[in-house]
Amino acid sequence: DTEVTQTPKHLVMGMTNKKSLKCEQHMGHRAMYWYKQKAKKPPELMFVYSYEKLSINESVPSRFSPECPNSSLLNLHLHALQPEDSALYLCASSQEASLGNTIYFGEGSWLTVV
Amino acid sequence: GEDVEQSLFLSVREGDSSVINCTYTDSSSTYLYWYKQEPGAGLQLLTYIFSNMDMKQDQRLTVLLNKKDKHLSLRIADTQTGDSAIYFCAETLMEYGNKLVFGAGTILRVKS
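Chains V and X supply the protein sequences, listed in that same order.
In case it helps, the numbering used here puts the first sequence at residues 1 to 114.
In case it helps, the numbering used here puts the second sequence at residues 1 to 112.
Heads up, a few of these hints could be off.
To be verified - Some chain V residues judged to face chain X by a derived CB distance under 10 angstroms, without partners named:
1. Pro8
2. Tyr33
3. Gln37
4. Lys41
5. Pro43
6. Val48
7. Leu99
8. Asn101
9. Ile103
10. Trp110
11. Thr112
Because the hints were derived from the structure by calculation, they are not lab data.
All C-beta atoms in this analysis are idealised placements derived from N, C-alpha and C, irrespective of residue type, glycine included.
Just need the whole structure built from these sequences, with the hints factored in.
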């Protein structure tokens, strides 16, 4: 079972709202990732968590705040977003965060900021 | 450097073979991946190859790697309408752990 589950599937939020995207995996993976995908573009890495600790932040604005409550869960807290932040947000996981560990993606959360 | 390039569009007839090409620039040992993305969906891992391999076959999929030219290809045999999607080539960079660097994606259209 190589399943990464993301909720919600779709989210519409105003620029003053606070919302969260959630991600869950039960594969025993110790690395989890957030990627952002704009329309007609490839995904771009935002954050990497390894053993529940943030290991990579790709210079993401602070209005995006990741959280890893335990090894199975990864959240992305959203606050004061801009319309240009509208995108598909993909969660992913792998056994470890080191080279050669296959990365599995969820179905994504479609975010629209109005 | 980080640069993965792909042809943007491919159209084939149902039953034909599809070949999607990709070039990468990183010269260190690396893993190379093919992901498929259907409209409105996430990324589905299709296959991967390590840079010390030349070829990998998995059912209808064949991956060929030319290390000298840093050229990777994905061949889909007996292409079906359900194969219509965007195909992303990606590499992971040794100096940056397991970060995936994606190409722009190739839109595959299968005509019945």
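Hints and how they fare:
{"no.": "1", "hint": "Pro8", "in the structure": "violated, 14 angstroms"}
{"no.": "2", "hint": "Tyr33", "in the structure": "holds, 8 angstroms"}
{"no.": "3", "hint": "Gln37", "in the structure": "holds, 9 angstroms"}
{"no.": "4", "hint": "Lys41", "in the structure": "holds, 8 angstroms"}
{"no.": "5", "hint": "Pro43", "in the structure": "holds, 6 angstroms"}
{"no.": "6", "hint": "Val48", "in the structure": "holds, 7 angstroms"}
{"no.": "7", "hint": "Leu99", "in the structure": "holds, 5 angstroms"}
{"no.": "8", "hint": "Asn101", "in the structure": "holds, 5 angstroms"}
{"no.": "9", "hint": "Ile103", "in the structure": "holds, 6 angstroms"}
{"no.": "10", "hint": "Trp110", "in the structure": "holds, 8 angstroms"}
{"no.": "11", "hint": "Thr112", "in the structure": "violated, 14 angstroms"}
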